[in-house]
Amino acid sequence: MTSDRVTQTLRSEWTKIRSVSSTGWTLSVAVVVTIGIGMLIAALTRNQYDSLPIQERLTFDPTFISFAGMTLGQLAMVVFGVLVVTNEYSTGMIRVSLAAVPRRGTFLFGKIAVAGALALLVGMVTSFATFFLGQAMLGPYRAGLGDPGVLRAVVGGGLYLTLIAVFSMGVATMLRSPLLSLGILMPFFFLISNILAAVDTTKKVGQYLPDQAGSRIMQAVPRPDDTPYGPWGGLGIMALWVIAALAGGYALLRHRDAQ
Amino acid sequence: MIELDGLTKRYGEKVAVDGLTCTVRPGIVTGFLGPNGAGKSTTMRMILGLDHPTAGDVRIDGSRYEQLTDPLTCVGALLDAKAMHGGRSAYNHLLCLAQSNGIPRARVGEVLETVGLMAVARQKAKGFSYGMSQRLGIAAALLGDPRILMFDEPVNGLDPEGIHWIRNLMRSLAAQGRTVFVSSHLMSEMAQTADHLIVIGQGRLLADTSMADFIRRHARSYVRVRSPQRERLLDALHEAGVTAVEAADGALEAEGDKAEQIGELAAGHGIVLHELSPRQASLEEAFMRLTAGSVEYHAQSAAAPGNWGADRQGGTA
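First to last, the protein sequences are chains A and B.
Taking the UniProt record's numbering, the leading residue of the first sequence gets 1, the next gets one more, and so forth.
Taking the UniProt record's numbering, the leading residue of the second sequence gets 1, the next gets one more, and so forth.
Think of the hints as simulated: they come from the structure by calculation, not from any bench.
Quick caveat: nothing in here was measured; it's all calculated off a predicted structure.
Any given hint could be a false lead.
Stated by the list, open to error - Calculated cross-link-like contacts (lysine to any residue; reagent style SDA-like; alpha-carbon spacing at most 20 Å):
1. B:LYS126 with B:CYS74
2. B:LYS126 with A:VAL20
3. B:LYS258 with B:LEU276
4. B:LYS126 with A:SER19
5. B:LYS124 with A:GLY230
6. B:LYS126 with A:LYS203
7. B:LYS82 with B:GLN67
8. B:LYS82 with A:ASP257
9. B:LYS82 with B:GLY116
10. B:LYS126 with A:THR91
11. B:LYS14 with A:ASP257
12. B:LYS126 with A:TYR89
13. B:LYS82 with A:THR91
14. B:LYS126 with B:GLU66
15. B:LYS82 with A:GLY230
16. A:LYS203 with A:LEU159
Said to hold, decoys possible - Sample of chain B residues at the chain A side, in silico, Cβ under 7 Å:
17. LEU48
18. GLU66
19. LEU95
20. CYS96
21. LEU97
22. ASN101
23. ARG105
24. LEU234
Said to hold, decoys possible - Computed footprint of chain A on chain B, listed as stretches where at least three residues anywhere in the stretch have a Cβ under 8 Å from a Cβ of chain A:
25. 251-257
26. 261-267
All C-beta atoms, glycine included, are put in the ideal place defined by N, C-alpha and C.
The task is simple: from the sequences and hints, build the whole structure.
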């Protein structure tokens with residue numbers, strides 16, 4: 001009976017997600033931007049490789065170079081995650097949805113399972129595509145999938161994009177408004193988190209932010225710095241943020257009136 | 001059957017629904033009547049488990065809404081016609097609802113046929129007129145072939161043809177033995193569809209009565225009389241045992257429908273009459289009288305919905 005209900009909810013949420021245009025354009029932008037910028041940066045790096053200082057040449061990470069588009073591409077994933085959830089609230093559909101699936105946990109996690117699975121698929125395709133195309137642009141300086149740490153970084157890139165999307169879904173469930181959610185998440189991931197992680201005085205805290213910790217997994221070549229976690233540790237920290245956002249969203253959805 | 005038991009909803013200090021206890025029965029259309037802001041929509045949202053009651057309880061055929069397996073096959077509701085994603089087609093809107101409750105896909109086509117939207121099934125809902133959205137919302141309510149149907153202000157914004165259609169639909173659903181619960185702020189609308197009335201004002205139950213009983217009790221006849229010798233006329237009426245009250249404009253309103261009797265009485269006493277007209281208080285007036293004390297936002301000029309305080313509390317069950 002319970003599994004029936006879960007299957008029904010998943011099927012219903014799949015119909016919802018495939019029948020609105022925002023799904024298509026947000027995910028397409030994520031793919032195109034990530035790959036496009038990754039290839040561009042890879043091509044520029046190849047041309048300037050000879051003028052790089054020796055220090056940078058020693059820690060040269062061709063895999064990470066090809067992920068240069070993630071910073072912008074992830075923003076489209078944020079929009080995808082936010083819209084999947086806030087579409088329900090901004091249209092009033094949430095009252096129809098919750099009348100159909102009154103168990104709010106089933107509703108929320110059914111939606112997030114479907115949207116998360118789609119984000120995972122698109123994230124993996126994007127990550128592998130941007131890696132191969134980026135390496136092609138790097139020419140003689142390229143890395144191969146079999147090189148140490150490379151497969152982990154490429155799979156990690158797909159996981160990273162997925163977690164960014166799911167984190168946004170959790171935050172959007174708490175905030176309900178698309179404008180408010182995007183108004184907080186976009187500047188946070190594009191500017192604030194990067195500044196906090198770069199400035200010396202805030203670095204200790206900044207490096208634990210979800211995107212800063214999570215993006216560590218995309219580095220195939222270890223860097224000589226004092227980051228207190230490894231690639232999987234960083235992704236774990238990001239996963240904790242995602243769990244916290246989902247828990248907050250679920251708690252509020254459970255207790256609030258549906259509107 | 002829907003049973004409300006002491007249902008209460010507070011928003012901070014404000015009480016939207018106040019200890020509502022009543023039962024909505026199958027086989028008839030039950031009108032849920034109250035002025036705007038009386039708490040009708042809040043009550044309906046609580047019935048569907050969308051809003052959490054502050055106190056009290058709702059039972060749907062004995063269960064709580066959250067406990068229903070595939071709730072759409074038990075309760076179908078239209079709360080807000082525009083509550084759907086405008087970018088989704090009518091067909092997909094209904095399909096995602098059907099799938100969530102294990103309702104076969106074929107049923108989507110059937111209900112689209114019933115509400116007459118088959119031709120626009122693949123069009124996006126944002127291009128729909130209000131009337132079309134209303135029909136789509138009704139299709140969603142009918143989707144699970146539920147025993148209980150609930151409509152919040154279904155005739156609002158509909159053209160006469162649409163109103164006629166919806167009335168007949170509600171009547172036929174009730175005739176099939178289903179529970180039909182429909183809200184409105186218009187008595188005249190209810191008089192044409194409902195068999196039973198639940199009237200609320202400021203969240204409180206004001207009346208729970210059959211439509212026939214309500215009409216019998218409230219559709220009052222009176223005779224409007226104007227005379228320059230009002231005091232003498234009042235005395236004469238009083239002597240004859242006719243109850244009369246003063247209307248806002250100084251005329252008298254005598255209970256009953258005996259205009260002839262009053263005319264002859266006046267003639268007998270040599271009282272000049274300027275007006276003598278039999279009147280019928282409409283149900284709308286009766287409803288306004290019933291809820292007069294509970295309307296939250298009075299329009300400044302419409303302060304006097306009749307001045308016959310005589311039986312103001314009449315009908316309060």
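*Against chain A, run the beta carbon of CYS96 (chain B) and see if the smallest gap drops under 7 Å.*
holds, 4 Å
_Does ASP257 (chain A) sit within 20 Å of LYS82 (chain B), going by the straight-line distance between their CA atoms?_
holds, 19 Å
*Take the C-alpha atoms of LYS82 (chain B) and GLN67 (chain B), compute the straight-line distance between them, and say whether it is at most 20 Å.*
Roughly 27 Å between the alpha carbons, so the hint for LYS82 (chain B) and GLN67 (chain B) is violated.
*Below or equal to 20 Å on CA atoms is what counts here, so check LYS126 (chain B) against GLU66 (chain B).*
violated, 30 Å
*LYS82 (chain B) and GLY230 (chain A): Cα distance at most 20 Å?*
Outside the cut-off at roughly 50 Å; violated.
_Satisfaction of hint between VAL20 (chain A) and LYS126 (chain B), Cα-Cα up to 20 Å_ = It holds: about 12 Å lies between the C-alpha atoms, which stays within 20 Å.
*Outcome, coverage of the segment 261-267 of chain B by chain A - at least 3 residues whose beta-carbon is closer than 8 Å to one in that chain*: With 0 residues closer than 8 Å to chain A, the segment 261-267 of chain B misses the three-residue bar; violated.
*asked:* Just to be careful, I want the Cα atoms of LYS82 (chain B) and GLY116 (chain B) compared with a cutoff of 20 Å; is the pair within it?
replied: Holds, because 18 Å separates the two Cα atoms, which is no more than 20 Å.
*Are the Cα positions of LYS203 (chain A) and LEU159 (chain A) separated by 20 Å at most?*
violated, 24 Å
_Can you confirm whether the C-alpha distance between LYS82 (chain B) and THR91 (chain A) stays at or below 20 Å?_
holds, 8 Å
_chain A contact restraint on LEU48 (chain B) - CB to CB distance below 7 Å_ = At 5 Å from the nearest chain A Cβ, LEU48 (chain B) passes the 7 Å test, so the hint holds.
*20 Å Cα cutoff - pair LYS126 (chain B), LYS203 (chain A)*: violated, 48 Å
Violated hints, in rising order: 1, 5, 6, 7, 14, 15, 16, 23, 24, 25, 26; the structure is consistent with all others.
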